Amino acid sequence: MTEPKSLLLKTLVERGHFHQCTDFEALDKAAGEGIVTGYIGFDCTADSLHVGSLVQIMTLRRLQQSGHKPIVLMGGGTTRIGDPSGKDEARSLLTDEKIASNMAGIRKVFDHYLTFGDGPTDAIMVNNNDWLDGLQYISFLRDYGRHFSVNRMLSFDSVKLRLDREQPLSFLEFNYMILQGYDFLELRRRLGCTLQMGGSDQWGNIVNGVELGRRAAGLELYGFTSPLLTTASGAKMGKTASGAVWLNADKLAPFEFWQYWRNTEDGDVGRFLRLFTDLPEGEIARLEALEGAGINEAKKVLATEVTALAHGRAIADEMAETARRVFEEGATGEALARIEIARPDLAAGVGLIDLFVRAGLATSNGEARRLIKGNGARINDMAVTDERQQAGEADVNSDGVIKLTAGKKRHALIVPV
RNA sequence: GGAGGGGUGGCCGAGCGGUCAAUGGCAGCAGACUGUAAAUCUGCCGACGUAUGUCUACGUUGGUUCAAAUCCAACCCCCUCCA
11 MTEPKSLLLK TLVERGHFHQ CTDFEALDKA AGEGIVTGYI GFDCTADSLH
61 VGSLVQIMTL RRLQQSGHKP IVLMGGGTTR IGDPSGKDEA RSLLTDEKIA
111 SNMAGIRKVF DHYLTFGDGP TDAIMVNNND WLDGLQYISF LRDYGRHFSV
161 NRMLSFDSVK LRLDREQPLS FLEFNYMILQ GYDFLELRRR LGCTLQMGGS
211 DQWGNIVNGV ELGRRAAGLE LYGFTSPLLT TASGAKMGKT ASGAVWLNAD
261 KLAPFEFWQY WRNTEDGDVG RFLRLFTDLP EGEIARLEAL EGAGINEAKK
311 VLATEVTALA HGRAIADEMA ETARRVFEEG ATGEALARIE IARPDLAAGV
361 GLIDLFVRAG LATSNGEARR LIKGNGARIN DMAVTDERQQ AGEADVNSDG
411 VIKLTAGKKR HALIVPV
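Heads up: the first sequence is residues 11 to 427, going by our numbering.
Simulated from the structure, these hints should not be mistaken for laboratory data.
From a predicted model like this one, the values you see are computed outputs, not experimental measurements.
Where hints are given, some of them may not hold.
Unchecked claim - Straight line, CA to CA, 25 Å or less: simulated SDA-like cross-link-like pairs of lysine to any residue: (1) Lys310 with Arg272; (2) Lys310 with Arg335; (3) Lys261 with Arg398.
Stated by the list, open to error - Ranges of calculated distance between the beta carbons of each label pair, as one might list FRET restraints: (4) Gly144 with Glu275: 21 to 29 Å; (5) Phe337 with Lys20: 24 to 32 Å; (6) Asp391 with Ala259: 44 to 52 Å; (7) Arg225 with Asp128: 16 to 24 Å.
The beta carbon of each residue, even a glycine, is placed where N, CA and C say it ideally should be.
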């Protein structure tokens, strides 16, 4: 690999997005000469995207920032099949209605990261169901199926993994890579798209598309992958107590989102700042160099910057301020989860176990009980020692709420109404 | 179609008539230590219940037995080999 000359590849390499490329020099040249249209496909398996997809989203953002045109490909059609990559077994099939509603949820995420419109470098969103749904089986097989060798397909990791583990792989799923390859060709024809990007687990699928373009239509297409993201200690990213770290505010409260980034491991701070924020390199280098407890400042910047992209600057600042009040002053903060409770109920006394469950700090009575037994539960910052303890009106503090805490970091406010 | 193997908690994976809510690992939660970090150590980790307890769970449905994740039958699904 030579030093990239184009702004696009320079940016992607510098920001840590680069893992592999089918033809680095050629893509570099193309990006230096004109607008490159590139796409990344997204599954519609959930009604939001989570941080696992954030590298991909940011890759599209970098593409646009570098003066090129991003396409968000919604896998409306391919989701009806299910990508076998990285899956031990077949996912259950989703209904078409579910896919449609998932797609609507995902669309909202992208508005925060890309500028959509009709201009030359404006982002557009397309759905591969538009062309996959109407495919004629026989003619499709004759035109494109002949370019795929089963011998080769069997050697792909996504397939091999299943076979090696003696896990079933249905013919339906086996076709996924063919259709994804076909998507690329179709996007080239419809929109002049010459670049497909994705996570490194998509390498095989992407290469298929590039090769199909060459074999079936003599086209020169490029593939580019980003590293799969794990934390410095090797864990997969994106999990919290309450589940995946979603990018939609209605799936994960912005405060939790901010907290997720605030709790980044030390060794990841620099890498994440490059990947997930727009901060200039100099600023990142400065933050990254902080040592010991000082690195916490960098984590706050990281959390606020990432939240600003996902939820807007105003909300991000509010979350930073809430966190400061809650953690550094021990106060209650506006943005904590608020759960309402009827005043008469409260007057009669409510069991704390019940309250923790209602507040979402425990998923079952048993879990709340365990939390209390393990000294992890607090009410208004006082440890709860008796699981039969009740909360009453006397527990409402000067802010007019009852503050519940689970562990050190999870808080909720009970508001009498 | 034939022969053999298999389906266990979020995942991996033991158990192969009672002592099984089910060993162990991963993931998760809490406590200690810290910096709202990592690593480490400790405890917890199906639901309900203050609790001796009750209920639900080992592919599905029946059966044998005082007693079944464990035995039997049928069915469903998967894998391997043969045709």
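Consistency of the hints with the structure:
1. Lys310 with Arg272: Distance ~6 Å between Lys310 and Arg272 Cα, so the pair holds.
2. Lys310 with Arg335: Measuring from Cα to Cα gives roughly 13 Å; hence the hint holds.
3. Lys261 with Arg398: violated, 32 Å
4. Gly144 with Glu275: 21 to 29 Å: violated, 48 Å
5. Phe337 with Lys20: 24 to 32 Å: violated, 38 Å
6. Asp391 with Ala259: 44 to 52 Å: violated, 28 Å
7. Arg225 with Asp128: 16 to 24 Å: violated, 33 Å
Of the hints listed earlier, those the structure fails to meet are numbers 3, 4, 5, 6, 7, in rising order.
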